[in-house]
Every structure is written in C-alpha cells, then in structure tokens.
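Q: Following the hints, put chain B in place on chain A, whose structure we already have.
Sequences listed follow chains A and B, in order. So for the first sequence, our numbering puts the first residue at 0; every next one is plus one. So for the second sequence, our numbering puts the first residue at 13; every next one is plus one.
Hints in this document: simulated from the structure, not taken from any laboratory. Computed from a predicted structure; not experimentally measured. Glycine residues also receive a C-beta, built at the ideal position from the N, C-alpha and C atoms. Heads up, a few of these hints could be off.
Said to hold, decoys possible - Taking CB as the label site, the calculated pair distances span:
#1 A:ASN103 - B:GLU75: 53 to 61 Å
#2 A:ASP236 - B:SER26: 47 to 55 Å
#3 B:ASP134 - A:ALA259: 43 to 51 Å
#4 A:HIS243 - B:ALA137: 49 to 57 Å
#5 A:ALA200 - B:GLU331: 20 to 28 Å
To be verified - Taking lysine to any residue and the SDA-like style, the derived pairs with C-alpha atoms no more than 20 Å apart in a straight line are:
#6 B:LYS135 - B:MET158
#7 A:LYS196 - B:THR271
#8 A:LYS196 - B:ASN266
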Amino acid sequence: MSVLSVRNLRKVFKSGGFLLKSGGDKVAVQDFSFDLNKGETLAIVGESGSGKSTTARLAMRLLDLDKGEVVWGDTDVTALSSQALRAQRKHIQMVFQDPFASLNPKMKIVDTVGEGLRVHNPNLSKAERRAKVLETLKLCGLGEEVLDRYPHQFSGGQRQRVGIARALIVEPEVLVLDEPVSALDVSVQAQILNLLKQLQAEKGLAYLFISHDLSVVQHISNRVMVMFAGYVVEEGDIEQVFNHPKHPYTKSLLDAKPIAHPSQRKAAEDIAADEGVASEGCAFALRCPIAKDDCKSFDMQAKDGVACLYPL
Amino acid sequence: MLEIRKLSLSIPVSGQHVLAVSDVSLQLPAGKVLALVGESGCGKSLTAQSLLRLGEFQGVNKEAGDIVLHDKSLFDLSADELRHIRGGVISMIFQEPMTALNPVFTIGSQILEVIGLHTDLDKQAAYARALSLLADVGLQDGETLMKQYPDSLSGGMRQRILIAMAMAGEPEFIIADEPTTALDVSVQKRIIALLRSLQREKGMGMLLVTHDFGLVAEMADEVAVMYAGEIVEYASVTDIFDNPSHPYTQALMNCRPETARDTTELTVIPGNVPSPGSWAQGCRFAPRCSLARDVCKTHASLDVWTNDNHLARCVRVGEGA
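The following block holds chain A by itself, in its conformation from the complex (with noise of 0.2 Å):
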C-alpha cells in the first residue's frame, strides 16, 4: 500500500533577479516518479547538488513544485493551501540532519516534542500532553528525567533522539530522514540506526532515507534510488543495485566506498578533480569512462530502472 507517491515531479530554482541580473537557471529535481509503500525503506543516494534533499522537500510539500503531484495516503495535497496541508502533516514528517541546528535551544523538550500536539491534537490538557510526550520519548529511548531539560544539555544521539520522538508524537506513517545520522559519531550513529529499525518493526512506518553513506543505506534499505544531477539514474531493490550497478554513475559511487581493510589498498589512483555535469545529453558523460558520442543527445529517459544508453 502506497503512503507517499510522487509523479512527474519537477523544480527548478532560478538564480538572480531583484538586485542581481538573472543567471542561468537549475533544474534541482527532474521530472520523476516513486512510490513508499507501508514499512518500506526506501533510500536516495547521490552525491551533493544532486537533488536529494530538494526531492525531500517537495516530498514533504516544504518547497512549491514546478510540475508533478504529491500524494499522502490517499489525500492529493499537490494544490493545498498552507492551512489545509497543514491538517495533513500529521501524515508525514521529517527528521533533520543536524541535531543541534534543528532544535529550538530556548524551548524545554517536553515543548519542542508536545509542539505537533498543539496542531494536531488541539483538546488535550497539559497534563495529557505531557503524558504522551513522555510515552514517545521513552519510545525512543529518553527517559522521565529529560522532560524539563534543554537542548544544550544532550548530546549529539539524545539530541538526535529528541527529533525523531519530535516527529513520531503526531503518529505519522511516513518519516522523511535526511541524513539522520551523518552528523554522528559511529557508536552513536549505531544506536539511532536500531532505533529506526526496531520503530519501524514495531509500527509499520515508511521511511525516505535520505544519505550519502552507502553502508548506512545499504544496512537500512529495501529499495534505492541514484540521483545525479537531478535524475534518478537507477533505482530498484537495494541488493539487486548494490550487487549489480548498472548505471556507470552508481558504480562509480560504489566503487569510492571506504575500504574495510588495509589490506583492500589500491596501488595508484585518480587525484584529479571530478568534471562537472554536462549540460546536455547525458549529464554523467563528462565523468563517464564509458562515454560514447551518442551520449551526448541522450534524453536520460529510464529503461527497467536505469538511464543509460550502455547500462553495465
């Protein structure tokens, strides 16, 4: 059962205007579809400037989109007013990467986490939602004795804790993640990872993933998508594409995977820098050591999952 679909989804950011001349204009996200179904993880990987975040925004209608449709369960929320979405949000929500930006730090966590039941739950008493805000926080691992504490007194994980107990308290059946856990340290980055898992066991949740850590995604996913450049170049079953890269781009991300063993060195490597993004054809065929002239005119159109004129 499908809990976020999105269709034919496109933006672009135009640059200047105002004071500055008018520049060239972006296309941040290029005209693609997916679906999350319930309990599902589905992963965006790409490197930065690729679109994956911006996918994410419009995903969670925090960006207007140029073209396409979001879909929330089975509410339509493309054309609604900010009030009207507003009511839907409890529907989806999102966690954000840096756990010590996206906290309010002069607000006590029983408020930043009761904060959604204001909206969404308008009749409970204080006490109520006191109650429940504990509930979620032990949920995710806090305990009674953080409820009057502030931010600056948590570390890192609790912090990262706090936001996800933030985005759960409206019960929710979609969580956008981008890059919960990249601002972790490893041992830390663990605990939140089971966290995710053990909820998402215990409640069905979907969840966009979005990272640039391909182990991360790889332990997390059920299905990935490749973005380059505002494409999805691949997508499909996290296996199927890890194991079997298709797309050029996506063994090439691959293939820069940190080594697990000192023993896995390679003698001599490319120090260059990386080529840009070709602004027309194929927008890999500049970094692409396959590249062949007809590239150059490809439309980036998907076939079985993969756009690429030469799939590996």
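A: This is chain B only, laid out in the frame that chain A set:
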C-alpha cells in the same frame, strides 16, 4: 621526528581548568601516517592542535609533558620561531573547507599570502609557485581559479585549495583533522588519494585525526586509539584491524554498518563519552565496557605491551585474554 611526551592538557570549564588530555605519548616519524582515532570529545583534536600550540588561544593549559620537534621542545620556542614552525615545518588541514577560507578575498590572494609568509619569492615567482601548488593538488585551471572567490567553489575544490595552502611552506609534518568528513563519498576518495600521494612524494609525516575507520584503512601506517583523554591502544594499522586488543577499539570497529552485514541489529557502545572532569575512577572505559569486572572499576589500567609494537591499556590484555 615529531614527538609528544607524556602530555597533559587542561581546558577551562566554567572558570576552572579541567584535565582533558592526560599522559599522552605519540611518535610521528617522517614519511609515516599516524591515525588518531576515537569518538567526539575524546581529546583527539586538542592533542593534534597542541602540536602547533594552537590551543593556547582558547585557554588550553599544558599541565605536564613536552612536545619535541627534532630534539627541541616546542615550548622553548620564541614567538618568531613558532611562527616559522606553523606552516613552515608543521602544517594543518582543517575539517571544514567551507569556513576555513576567507569569503571576501580571492583564492589567489589567500594562496599568495601564505607563499609570502614562507618564502622570499618575488611577485612573479610567487604567482608561478601558486599555480604549481594548485596543479599539485589536481587543479589545472589555476589562472581562472586564482581570481575566484571561495563561495563559487565546491567543497572538494575548497579542500584542495586548503591542501595547496598547507603545502606552500613545504612542511615536514602535516596534521589533517577530519580532512574528508565534510565531503561527498566520491570526492572523499579522490582527496584521500591526493593526500596519500603528496605525503609519499614529499616524505611528510602525517597525523590524521579521524573517527572513520574507512579512512584509517586507506591511509594509516600506525593507529592510536584515544578514549577520555588517554591513548588506550597503539599499534600498526594491520594489527589494529586484525587483532584489536582493547575492548573500546573492538567496540568501535564492530558498530560500523559494514562489519554488520545481514544482521538486523548493529553493535552499539552504550552511553556516551564522559566529558573532562567526569572520567570514571579506575579504567575510564569501564562504565561502557561489556567486559568490565570489579577490578576495572577501582584500578586504572596500565599500559601493556602485547608485543614490541602493540600497546593496549586494559587489564585483560595483561592476563593474555
């Protein structure tokens, strides 16, 4: 050889000085890469910055010990000598390429400034030197680049420029504090390859501060694992990966997702790194250690050499466990 001898540092915490690094000894020979590994808050960066005596600007005090560069104590140097050492003998690459460059000056003026500090080249020669430094770090179109401002460059390009600036004084030692953490995976790989080739080519000694075992596997010759202000294990990189002896090292390696393939649950280290001033009596890792026994709670562990080149600070190691 650059050597830290039994160094203890304290930091100011609400008006008092609290011990944050205790009794740390490290040797950084020319041509070798020593990785300093541990979670945030273990004292890694503080130790690394002490090699340039940078902590003093933030009120860090040296409580005991010494840092010795070619048989001379860094603490005996005059301000002028110290200025020459910084960048001229020991250079530093910082973690955040986004904040380490000045946004209101061009790349060119920032590189030329560093070259001017460390050489007597005239304007033309300095410009040529800047171009060759940029070429060394894989940036071919130096002339255009020199006219640009940092905000028009990607994170990977900025990190390359910072590396070029660190190389300007032809240092013998380089300190890289999480040099790739802020970068994309594919960019990371290239920067790692670049750092390694520069380090080998110029025979520099490198202190690599990181929490990333992937980076350690790629670059290090030796590894020192730090926990709560002290070195708990010190060995060659293959020894650390094949034969980690301290429970903290083992736990750190086991909680990486890549070692936990096909299991639903990752290994975790319960709790958090204790902040300076709240270190446990006895072994500092004991409160989080799954193998801790009564003796660990009362008695600080001593360094044990498991063989000539492998040190671990754990009672179990002494018993041959």
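Q: Now, for every hint given, state plainly whether the structure supports it.
A: Hints and how they fare:
no.	hint	in the structure
1	A:ASN103 - B:GLU75: 53 to 61 Å	violated, 38 Å
2	A:ASP236 - B:SER26: 47 to 55 Å	holds, 53 Å
3	B:ASP134 - A:ALA259: 43 to 51 Å	holds, 50 Å
4	A:HIS243 - B:ALA137: 49 to 57 Å	holds, 53 Å
5	A:ALA200 - B:GLU331: 20 to 28 Å	violated, 40 Å
6	B:LYS135 - B:MET158	holds, 14 Å
7	A:LYS196 - B:THR271	holds, 17 Å
8	A:LYS196 - B:ASN266	holds, 18 Å
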